[in-house]
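Protein chains in written order, with my numbering: chain A, 18 to 140; chain B, 39 to 222.
If you're looking for bench data, these hints aren't it; they were derived computationally from the structure. If a hint is listed, it holds; no wrong ones were tucked in.
Have a look at the derived ranges for each label pair, beta carbon to beta carbon:
| id | chain 1 | residue 1 | chain 2 | residue 2 | range |
| --- | --- | --- | --- | --- | --- |
| 1 | B | T155 | A | E94 | 48 to 58 Å |
| 2 | B | A219 | A | E62 | 17 to 27 Å |
| 3 | B | A219 | A | F140 | 28 to 38 Å |
| 4 | B | D52 | A | E94 | 51 to 61 Å |
| 5 | A | Q107 | B | R105 | 39 to 49 Å |
| 6 | B | R212 | A | V93 | 23 to 33 Å |
Being a predicted model, the structure only gives us computed values, none of them experimental. Even for Gly, the Cβ is constructed at its ideal location relative to N, Cα and C.
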Amino acid sequence: MAINTEKLGYILQNFVSTTSDVQGAAIVTPDGLPLASNLPGGMDEERVSAMSAAMLSLGERIGKELARGIIDRLYVEGDEGISILTSCGQDAVFLVLAGRAAKQGVLMLEIKRTVSDLKHTLF
Amino acid sequence: MNLNPDDFMSLMEDRTNFSDGDKILLNKHADWGLAIAPTMANHFYKYLGRDVEMSAILNDKEGRMHRLRETFVQWFHEMFTGMDNWGTAYAERRWRIGLVHVQIGIGPQHVVPAMATVVHEVGKQLKIDGQPEELKDALSRICMIDLAFIEQAYVEVSSAAVLKETGWTEGLFRRLIATGAGSM
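Using the sequences plus the hints, can you model the full thing?
Written out as structure tokens, the structure is:
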């Protein structure tokens, strides 16, 4: 069955517009190709996709090397905001960009829900 | 990134226009090739030895220089004989030589100019011995193919190491190189 990219785009748009302090999101393949994205203006979708896949893959490798078990997500915090990468099954990676003011409990819960929706649409 | 030496050999033969005529010419002068091989080994290692870093690598272990010289003579002669008509055995041996270069640390930056020196010296020797000028062209072409194997070995080994350590897919790795190179 073909992937419904329109629905993927809708899920991302809904997530970005309804979750407080979320600035952007993307879903990409492990090869770093974009499946759908809703990113802030000025961000290069191709580059963001490649970096997201690279980071999650490297994170999983580090997790294995350091005996941390299966990695659920990667969290990168900067003074301008946070980036969260979540594995979305074997064939996709979910990237979320949020501001520093984001309530992390709410954000994690929303990510969990959205990942479930994305998986349902993808597989 | 698993290179198939046979396929790579065919690709490089096409790219360099290494022809059947070149093969016949090289075969015909195989004895001459063997006769001048030790002299060419001298030129090759004299050139490399001038570099402090290379000199250290070449003389790192006892007997290494001697073994390398023997390998050079064999390698040089094989460019004329083609081993199995420049087939699978030839390609696999070139690939193996490339890997050994990576293991020892003799990079393309050292081998390329050293090989150019050899081709230049072959040209001079050719005139002294009254050999046809076309022989130099044929030898230059097969030399370029052998160099391509050495360079490719560096790329393949480096890439394989990165993929192994990061868990990245080959597609992702190529994409990162493309986007990274695009931003330079």
